[in-house]
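Respectively, the protein sequence lines represent chains A and B.
1 is the number of the first residue of the first sequence in the working numbering; add one for each residue after it.
1 is the number of the first residue of the second sequence in the working numbering; add one for each residue after it.
No wet-lab data here; the hints were simulated from the structure.
It cannot be assumed that every hint is accurate.
Identical copies carry no separate label here, and so any pair may be met within one copy or between two of them.
[Claimed, not checked] Below, in silico cross-link-like pairs of lysine to aspartate or glutamate (DMTMM-like), each with a Cα-Cα straight-line distance of 20 Å or less:
1) Lys269 - Asp46
2) Lys38 - Glu162
3) Lys260 - Asp46
4) Lys260 - Glu45
5) Lys247 - Glu45
6) Lys374 - Asp274
7) Lys260 - Asp48
8) Lys108 - Glu261
9) Lys260 - Glu123
10) Lys267 - Asp310
2 protein chains.
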Amino acid sequence: MNNNLRIRVAGTGLTKFGELWGENVESLAAQASREALKEAGLEIEDMDLLIVGNMLLGQLEGRGHGGRIVADALDFFGPSLAVEAACASGGLAVRTGLMAIKAGMARKVLVVGAEKMTDADSETITRALMGAGGGDEQMAGATFASLYALMHQSYQRKYHVENRLMAAMAVLSHKHGALNPLAQFQKTVTADEVMESVLVADPVRLLHCAPISDGAAALVLATGRKPKVEIIGSGQGGDSLSLAPRKDLWQMRATQRAMKEALDHAKIKASEIDVAEIHDCFSVAGLMALEDLGFCERGLAGKYVVQVKDYMINPSGGLKAAGHPVGATGVKQVVEIVRQLQGRGGNRQVLGAKIGLTQNVGGAGATALVHILKVND
Amino acid sequence: MNNNLRIRVAGTGLTKFGELWGENVESLAAQASREALKEAGLEIEDMDLLIVGNMLLGQLEGRGHGGRIVADALDFFGPSLAVEAACASGGLAVRTGLMAIKAGMARKVLVVGAEKMTDADSETITRALMGAGGGDEQMAGATFASLYALMHQSYQRKYHVENRLMAAMAVLSHKHGALNPLAQFQKTVTADEVMESVLVADPVRLLHCAPISDGAAALVLATGRKPKVEIIGSGQGGDSLSLAPRKDLWQMRATQRAMKEALDHAKIKASEIDVAEIHDCFSVAGLMALEDLGFCERGLAGKYVVQVKDYMINPSGGLKAAGHPVGATGVKQVVEIVRQLQGRGGNRQVLGAKIGLTQNVGGAGATALVHILKVND
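Extracted from the complex, chain A is given alone in its bound form (with noise of 0.2 Å):
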């Protein structure tokens, strides 16, 4: 990593989480791009490069060039491009930002993640969704629920977890995004709620799962000298895109590569991070990844949350009660520890936090993105 370059977040930009009738891809990017542009005092002229994260244009509207359609809603004729990683897609974006700027390639990037999926029935959203899986589990008609659901069994069984535990990181995200007003669900679950909810795929459960969103969320990057939130470690790494060739289903692996390049990128321990946005697209991935991450011991991570000081993990509500547009997630988890870090978080605010974390992951734990930022005094 070049680090003689400092990179900025001069602006950022985020929609409403949910089921947006009125809107579509573009206009979701373009409503974001323009609070991040406006927070940032710059006009979409003075960006050098447009990056656009997303993953279901093509499967879901047939369309493709996804860089030049927020472009052109945006009034935009400088170069763009479009990066995608399944629900890492968003995540994706802001590295390939960081690259560009530290590339010397650009000075200032705008990078948009924008999801519309809830025009799609459940049937083809599914369909789409699982596009991002082994096509042997495409084949066998495995869709991530049931994916999920062998890595919950196998987490489960492993270390014993009951099921009060399993649920704590549902009830967790739902009880901060209920004091988010841009949040999909704004409402507290108990763990019996969830423990109750329909069973979707077992031994995974309704509140188990993040819900199916539309959204955008957006961030203009630049170079700084004395940068005030600055974006100081990025990390991503990979695995196998099916399960079938892991070694075991308890842990993610490409979580904890992602960590071991931010870390040492940003020159800090695990132990210094006061907030972080974690991947909870179902409840057993945000427990593993708060043991990939570092935060606690192995096996230990439903208590961890139900000890959880603060708002200190997921204070946006996380994807299960804040909403997961896939490609915009992985940039609303930057957006969301950027205001952390600012001061900004409203009735949620974590007090006193200068370090903050975002992770997210695509497919079944197959690409993961790990981003640290500070605050300077």
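Once you've looked at the hints, dock chain B against the given chain A.
Same frame as chain A, now just chain B:
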């Protein structure tokens, strides 16, 4: 651009282009990748990053996570990403590879472009490709043939170019493709044959159009202190997705912008280019490219093509004769130029070529990528 790091092309790989019944995106990508790794004397484990350029996995196959699909086929567990900019996805993948290395985020990168198009029926593939056009153009029932027909008309009227000269680009590419064992069409065509071929979208005729193709191309990029073949320039330009907002249709500003950046980066002049692979998806696209790149005066590209010496333009056969698997094209252009600079052009070798160029276009000119390569003594 961070010019302290020089980018070496360590290996190249290329499949046959054409109608390849037994293959899919990942088998083609793996085949080209293995050849590139072998040429580089490296193993897949040596790669820090895999970048995949692909446009149609989502539209045609309902699949996502393109980076991991190829990674799995290669048993690669490091980080991967997919980039997309319609028919410029390949060129974009090359540029993103440069970016990763220049940013210090990778030292060895495998860049692959791959596409499988011939399994779809004509309507499906036409619609999928047009997914990269403007929304207004899609609603109006336009296809890329009809959009390029507007440009063909506009260009021909502006510069009073006779039909025979409009056909010259196709004649040239076929002349060279006839000598390329990996080309889809290894045969020559005459200007009369072009002018008498069936009308697709008046005045665009069948032999003005590049075909629908399957194929893949790969590059191993690495840092190098004294590289033999290096990428010395990279540029990317944008323009409106739709044609309507453009002031005129007889030039492509995206190509002009990309060329300016690439020349500035390479610190050379257009007149120093010895060999070029240009994006002749339709005849008029090739003619405009030659002018936008500064190889000849405006309106004179047809005459330039008739007089072009040696195999200087499209030695591979271009998109027209060698084939156009959209995500692969931009990478394949670089593979051809590298092999020309290495003196491996066979009976279509440009004698003494030292500096080469590639130009890759997405949509109807909404994205353009230019790369400049050099062989050192």
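Checklist entry - Between the shortest in-copy and the shortest cross-copy C-alpha distance, which are at most 20 Å for Lys260 and Glu45: within, between, both, or neither? => result between (37 Å within a copy, 18 Å between copies)
Next on the checklist: As a check of your reading, is Lys267 near Asp310 (CA-CA no more than 20 Å) within one copy, between copies, both or neither?
Outcome noted: neither (25 Å within a copy, 55 Å between copies)
Item to check | Lys374 and Asp274: within-copy, between-copy, both or neither at 20 Å Cα | outcome: This pair counts as within: shortest intra-copy Cα distance 10 Å, inter-copy 49 Å.
Next on the checklist: If the cut is 20 Å between Cα atoms, do Lys260 and Glu123 qualify within a copy, between copies, both or neither?
Outcome noted: Neither: 37 Å inside a copy, 48 Å across copies.
Checklist entry - From the Cα coordinates, with 20 Å as the cut-off, is the pair Lys247 and Glu45 best called within, between, both, or neither? => result between (49 Å within a copy, 19 Å between copies)
Checklist entry - Is the C-alpha distance from Lys260 to Asp46 at most 20 Å within one copy, between copies, in both cases, or in neither? => result The answer is between: 19 Å across copies meets 20 Å, while 34 Å in one copy does not.
Next on the checklist: When Cα atoms must be at most 20 Å apart, do Lys38 and Glu162 count as within-copy, between-copy, both, or neither?
Outcome noted: neither (48 Å within a copy, 51 Å between copies)
Item to check | Within, between, both or neither: Lys260, Asp48 at alpha-carbon 20 Å | outcome: between (30 Å within a copy, 15 Å between copies)
Item to check | Within, between, both or neither: Lys269, Asp46 at alpha-carbon 20 Å | outcome: neither (36 Å within a copy, 27 Å between copies)
Checklist entry - Can you tell me if Lys108 and Glu261 fall within 20 Å by alpha carbon in one copy, between copies, both or neither? => result between (24 Å within a copy, 16 Å between copies)
Violated hints for the displayed structure, listed by number in ascending order: 1, 2, 9, 10.
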